[in-house]
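Number of protein chains: 2
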Amino acid sequence: MATLYHVPLSPFCRKVRLSLAEKRIECELIEERYWEQDADFLRRNPAGKVPVLKIDGMVMAESAAICEYLEDAYPEISLMPKDPVGRYEVRRLVGWFDDKFHSEVTSKLVYERVNKKVMKQGYPDSKNVKFGAQRIKYHLDYMAWLLDQRRWLAGDVMTLADFAAAAHLSSLDYISDVDWNRSEVVKDWYAKIKSRPAFRSILADQVPGFLPPQHYADLDF
Amino acid sequence: MATLYHVPLSPFCRKVRLSLAEKRIECELIEERYWEQDADFLRRNPAGKVPVLKIDGMVMAESAAICEYLEDAYPEISLMPKDPVGRYEVRRLVGWFDDKFHSEVTSKLVYERVNKKVMKQGYPDSKNVKFGAQRIKYHLDYMAWLLDQRRWLAGDVMTLADFAAAAHLSSLDYISDVDWNRSEVVKDWYAKIKSRPAFRSILADQVPGFLPPQHYADLDF
Chain A
1 MATLYHVPLS PFCRKVRLSL AEKRIECELI EERYWEQDAD FLRRNPAGKV PVLKIDGMVM
61 AESAAICEYL EDAYPEISLM PKDPVGRYEV RRLVGWFDDK FHSEVTSKLV YERVNKKVMK
121 QGYPDSKNVK FGAQRIKYHL DYMAWLLDQR RWLAGDVMTL ADFAAAAHLS SLDYISDVDW
181 NRSEVVKDWY AKIKSRPAFR SILADQVPGF LPPQHYADLD F
Chain B
1 MATLYHVPLS PFCRKVRLSL AEKRIECELI EERYWEQDAD FLRRNPAGKV PVLKIDGMVM
61 AESAAICEYL EDAYPEISLM PKDPVGRYEV RRLVGWFDDK FHSEVTSKLV YERVNKKVMK
121 QGYPDSKNVK FGAQRIKYHL DYMAWLLDQR RWLAGDVMTL ADFAAAAHLS SLDYISDVDW
181 NRSEVVKDWY AKIKSRPAFR SILADQVPGF LPPQHYADLD F
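Taken in order, these protein sequences are the chains called A and B.
Mapping to full-length UniProt numbering: the first sequence position 27 is 27, numbers consecutive.
Mapping to full-length UniProt numbering: the second sequence position 45 is 45, numbers consecutive.
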């Protein structure tokens, strides 16, 4: 049995949770208030952040390295194509969401609105919130452009790229920051991924003090 | 023949250059002033950053995805172990340097001192420079701790983790920001990696307006 130290709305934790669930690896979830820098937690993970995964007798950090490990060690249900070019495209998109989308959108909306309050770090910076709300449009359009040509983000099969994107969008959706009316193909894509059994635990998340909108857990939103 | 669009002191570009050279993939280097947002360049790479690699009829971005592609498509000279745990450790460390080390050290020193001047974005922020100069000590100590137990950073063979680390340290060394006297094992490790043929092009780099210190290209520093 694996153990994942996580926080509910972290897109990096959600990506790992989705990978674990899709691969049917049983995992206990433990919420970790990593910003309180608990000594035990820092011993497990000198980088001092989540996700941290205990699996196969090891303690692992860095969501990208964890997901690649799960792919290498549990290849039966695969989230990557076999050919180098297909794998490149998956990794490029994972990087796109975890790096560019994260810094332009998730960190500007989820972190400002939720993390700051939970971590008692003051009020949202309205300049950041405005910037994030603006940039998400560009990213939704980019996704629509990809999905006009492909069934899933990186090609014709569902991959880790879809989970990375869905991890960010689902966190943003929890605080009503995704305009699903902007693009029909993006909405259809999210409906498909949301209805997977792997998504259930994410739709059941509750952050005290923040009530998700009615449509958050609704498969027919 | 591959083509790499790069800037000389970018650690992400240097990591790709080292991988290409170690794998003996011939590559033409083209310096790309990406911050000028040239339309042609943006067409090649919507993320608007370097490195961008033209190879095998494709145009690739995101240094992590590029290095994994080179590993998948050119496995003869490998920069990754074969076992999932060994591969995890390489990727964890690449993430450590490209994420944590980069945000705490490289972006605070190289970007403040060099990029700001080259990009005409004003003067270094002394608070950032001070922070970076402080944090590099912690990171050098972490490397020393790893290298006390292992020949190379991720284990007993040289891997992409060593190239990622050396890419950052070499950029910092160009502006004299590495105290090589802090740790004998780290210095020995850098001497080993610096003497590889793959490192030659990096030691020959010149950034107009910034003269590297005498020891920068010296294998016996």
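Take the hints with a grain of salt, since some may be wrong.
What the hints assert, rightly or not - A partial selection of chain A residues facing chain B, derived with a Cβ cut-off under 10 Å:
#1 49
#2 54
#3 58
#4 66
These are computed hints drawn from the structure, not numbers from a lab.
We put the beta carbon where it would ideally sit given N, CA and C, even for glycine.
Structure versus earlier hints, numbers of those that do not hold, lowest first: 2
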